[in-house]
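Trainee: So you can see what is in the structure, the chains are spelled out below.
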Amino acid sequence: MNESKKEGATLCSHITDEMRALVGREMRRWVSFPVSSSDIRRWAIAVYYPECPPGRFWDAEAAAVSRYRGIVAPEDFNPFAWMVAQPKGQSTMAAVADNPDAIENGLHAAGPGLKHALNGGINIAYGVPMRPGDVITSVMTLAEYRERPGSLGLMLFTSISTVWTNQSGEIAKTSLSTVIRY
Amino acid sequence: MSSLAIKVGDELPVFQRRTGLAEWNRYAAVNDEFVPIHMDDDAGRAAGFQGALGMGNLQIAYLHNVVRDWLGDRGRILTLSCRFNAPNLKGTIICARGHVTAVTPRENGVEIALDVWTADADGNRLAPGACTVLIDR
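Those protein sequences? They're chains A and B, same order as listed.
Per this note's numbering, residue 1 is the first one in the first sequence, and the count goes up by one each step.
Per this note's numbering, residue 1 is the first one in the second sequence, and the count goes up by one each step.
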């Protein structure tokens, strides 16, 4: 945080030169553990709760006669939850959520020092479905910083580009997500 | 319904859930999303809201669900986007909805564009977005 912001000039930019230099940098490269049928089943149960999810996510017989000829994951499934295989033993969501500066700190830079971070939205394009046994690699790149005045002061919008590929190099998903910090 | 019968203005069957800790805790368990603002009213208030709020990612999941339930096995989701306009507060009845905005023949099927959104019981849109699907020829 720069000096003028410390003095309460709320419309002073949060974006420092050090942060600007991070745009275009690879933030993280994760490799998932192999996706299991149980991972997929539990995800589907959670997002359809309290109703039963579609059979294609948990019933091998129903899935076998579907267009996918086997169990697939819901498009919104996250194979990186809790821990990734590479970097070995690294946890994902929790470490990010507890630190609003995690984006910059992960690139060994100082963040804007804002107190809160929220999910602002996402644009997703899908490729091949994720299936049991798949090992997914995620590469995240810091795409852009933007700012806009809001009711809680100047808000910082950070865009993150992500590409997921499977073990065959096929793209499962690309996305551009926005983190709002204030 | 075949792709031939789909037309602009068609509405998708609503996907509805009453949301609160029962739903959020299950989602946190699969997505490792035990973030204080999703678990604790005090943390939600400290962040400027009325209390704890639901995960944006769960709203995204509900948007996929409404499209997927309508689409069935006829095709696949190509793209989906949304932005978060308002928080999903505890006890809110969330309706994920959608309607067809364009029907475009493609070489390998019919591409359907949809507006999708989640809304509260008063119809306020919490997460408006858009989606495209490809239905097999």
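These are computed hints drawn from the structure, not numbers from a lab.
Each residue gets a CB set at the ideal place from its N, CA and C atoms; glycine is no exception.
Please note that the accuracy of each hint is not assured.
[Stated by the list, open to error] For the chain A half of the interface with chain B, some residues (derived, Cβ under 8 Å), not all of them:
1) V47
2) Y48
3) C52
4) P74
5) Q86
6) G89
7) G120
8) I124
9) T141
10) E144
11) G150
12) L152
Trainee: Now look at each hint and say whether the structure bears it out.
Mentor: Verification of the hints:
| no. | hint | in the structure |
| --- | --- | --- |
| 1 | V47 | holds (4 Å) |
| 2 | Y48 | holds (7 Å) |
| 3 | C52 | violated (12 Å) |
| 4 | P74 | holds (6 Å) |
| 5 | Q86 | violated (17 Å) |
| 6 | G89 | violated (14 Å) |
| 7 | G120 | holds (6 Å) |
| 8 | I124 | holds (5 Å) |
| 9 | T141 | violated (18 Å) |
| 10 | E144 | violated (15 Å) |
| 11 | G150 | violated (10 Å) |
| 12 | L152 | holds (6 Å) |
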